[in-house]
Amino acid sequence: MFKDTAILALLGLSLHATAQANCLNSYIADASSYTCCHSQPSGAGMVQGEFFHYKCDHYAMPHYGSPLRAYTVQDCAKHCQADNKCIAATFVSGHGTCYLTRELYFKTSQHRNDMLGYIFVERAAELH
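Residue numbers (mature numbering (1 follows the signal peptide of the UniProt record, and there is no 0)): -21 to -1, 1 to 107.
Some hints here could point you the wrong way.
As the list claims (entries may be wrong) - Derived SDA-like pairs (lysine to any residue); straight-line CA-CA distance at most 25 angstroms:
id : residue 1 : residue 2
1  : K57       : S45
2  : K34       : R102
3  : K64       : V26
4  : K86       : P46
5  : K57       : H74
6  : K86       : G75
7  : K86       : S18
8  : K34       : K57
9  : K57       : G28
10 : K34       : G75
11 : K57       : F30
12 : K64       : Y84
13 : K64       : N4
14 : K57       : Y43
15 : K86       : A23
16 : K64       : M25
17 : K57       : H37
18 : K86       : N1
Simulated from the structure, these hints should not be mistaken for laboratory data.
Model the full assembly from the supplied sequences, consistent with the hints where possible.
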């Protein structure tokens, strides 16, 4: 009986943590923009000790280099961290790709909540 109660309590904590997760601090297997942007379309978080801001339905322009494979927004932020010239990136969840940029310029997607799922992510000095 005690074991069942403990499992239910842990499940409740897990569901509460998931409900408060955003695109940068959740590790949702389905990394689509709908999944992580539905309740919090913009926000901030830390990825490997560095602050990032994100904004759903936005993308950075112009990008440089070839698109990189990314399965989550965190993957895309890590690609940006690995390139010392990168200041922002765009995660395209529908394609599982990440585009890096050296200029801080972003646009709003013409098709909000579309299947491509653009998420703009930028390096930040601190969380806001």
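Quick rundown of the hints versus the structure:
| no. | hint | result |
| --- | --- | --- |
| 1 | K57 to S45 | 16 angstroms, holds |
| 2 | K34 to R102 | 12 angstroms, holds |
| 3 | K64 to V26 | 17 angstroms, holds |
| 4 | K86 to P46 | 18 angstroms, holds |
| 5 | K57 to H74 | 17 angstroms, holds |
| 6 | K86 to G75 | 19 angstroms, holds |
| 7 | K86 to S18 | 21 angstroms, holds |
| 8 | K34 to K57 | 17 angstroms, holds |
| 9 | K57 to G28 | 11 angstroms, holds |
| 10 | K34 to G75 | 17 angstroms, holds |
| 11 | K57 to F30 | 11 angstroms, holds |
| 12 | K64 to Y84 | 15 angstroms, holds |
| 13 | K64 to N4 | 24 angstroms, holds |
| 14 | K57 to Y43 | 16 angstroms, holds |
| 15 | K86 to A23 | 18 angstroms, holds |
| 16 | K64 to M25 | 19 angstroms, holds |
| 17 | K57 to H37 | 19 angstroms, holds |
| 18 | K86 to N1 | 21 angstroms, holds |
Of the numbered hints listed earlier, not one is contradicted by the structure.
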